[in-house]
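Given the coordinates of chain X, work out where chain W should sit on it, guided by the hints.
Residues per chain, in single letters:
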Amino acid sequence: MYFPISGVHIPPLELILTGFLVGVLGGFFGVGGSFLAGPALFVFGVPMNFVVGTDLAHLVGKSIVAARKHHLLGHIDFKLGGLMMIGTVPGVELGAQAIQALKRAGHVQGVVGAIFIAVLVSMAGFMSWEGWRTARARRAGGGRSRKGDYSAFGSFTRRIQRAAPGPHLALPVSGIERISLWSILGVALVGGFFSGFLGGGAGYIRMPSMIYLLGIPTHVAVGTDLFEVIVSAGYGTFSHALKGNVDILIALVMHTGAAIGAQLGANLTQLISGPRIRLAFVPLLLLGAAMVLHGLLGGRPGN
Amino acid sequence: MGPRGMPRPPRPTVRTFAAEGAVYAGLVAAYVALVLRLLGPWLQRLFSHDRPLYAVVALAAVVIQGIALEQLTHLLLRLFRIKPGS
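Residue numbers (our numbering), protein chains in the order written: chain X, 749 to 1051; chain W, 38 to 123.
Think of the hints as simulated: they come from the structure by calculation, not from any bench.
Here a beta-carbon is modelled for each residue, glycine too, at the ideal position from N, C-alpha and C.
Check before you lean on any hint, since a few could be wrong.
Said to hold, decoys possible - Incomplete in silico selection of chain W near chain X, CB under 8 Å:
no.	residue
1	Leu-71
2	Phe-84
3	His-86
4	Asp-87
5	Arg-88
6	Pro-89
7	Ala-92
8	Leu-96
9	Val-99
10	Ile-104
11	Leu-112
To be verified - Computed footprint of chain W on chain X; a stretch qualifies when at least three of its residues, placed anywhere within it, have a C-beta under 8 Å from a C-beta of chain W:
no.	region
12	810-819
13	837-846
14	918-931
15	989-1001
Only chain W is shown next, with the shape it has when bound in the complex:
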């Protein structure tokens, strides 16, 4: 318990950091090797021929990747029985 009886927020541990790093390292390797090679030619065609659609896809891709990576890590950490952020 923290001061004035308030529950103290959980503190990060080296174990959590290491687990998160390992999870992401695996994801990054797989992602770069597979997904970008598949998406690359299609995105290049969009960039050259349909710029408005490319703008929408570019913004959507980075937003989806941001959310997906974060969600996936939480899921994997839960599987490891490690509380995210703790």
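Pulled out of the complex, with its shape left as it was, chain X reads as follows:
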């Protein structure tokens, strides 16, 4: 099938299947999957500027489907999501400004790739360690956290919340009685920064941060993160479309597969416990790091 906007030929079935796989991951883990979908589009021959913008556009549609499903399951904390928007938008802008600075210095590809790999591998290492500690704590009968979710990191999360300055507020949907507004804005700002700096929705860093730093139950973190992705990716889509970086026809075809996958992924979260969702996320992070490394070494950008 010929896509006249970006001028590439892509078999629609392959595009739909890619969307489906990324959709399952998005619905299940609450991440956009841009670190997998982006390289896939590039492999199909889509120019790099269209890869970034088109991936964001497909992400918006997919996240709407998955977020609605999570909303029906009661997995979205709209109060938390609304507050996080305040930090996300300036974070995205800061990240974009950092990219511009690196562009001017002529080091954007290597530096961004290296930071992307470092972030993904660090997150994978930490989540593996936490998953192992949580499994041990469960066997010993401890580590129980809010809403039946388990985390070996729970005591650290509570220490952060005690030390964080006010004002404090309650998040009833997340089962949190007292949390610092600044810690919510801080997590949103960092998530937004990585979204602007590395592209995509940056759910791979926001979702774990919500669990480990804010103490949000895993299922609610997944749903609320998807809500955040709609906002950040929607803003990014509009901005990139103005600059001529979005092939909306590719995004629409890819999204048809992603829509099925996102529903399936969101439904699967009902079958699997929070710690297992977190552990299953680890190989995904390592796969993303491997794709970026391959891109850096082989000359094909992987992010």
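Only chain W this time, still in chain X's reference frame:
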């Protein structure tokens, strides 16, 4: 009933997944074959000649498609007497 007398949320079944997959497969085939062929030339003209309008239409299209696909599936599943997400 779940623990402490709370109603347990409905669990997804293989039947639901299969029905959703089948519904979407039919929709996708029809959508790609018909709608995109009709929209393609118009969107390409917008991309070349009116970028701000293209940006608005692009964002609106993907949002509308997201909502429409999801709503349509719910409707069809209700017709099949299958509770969505159950």
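Q.
Flag every earlier hint the structure violates by its number, smallest first.
A. 1, 3, 4, 11, 13 and 14
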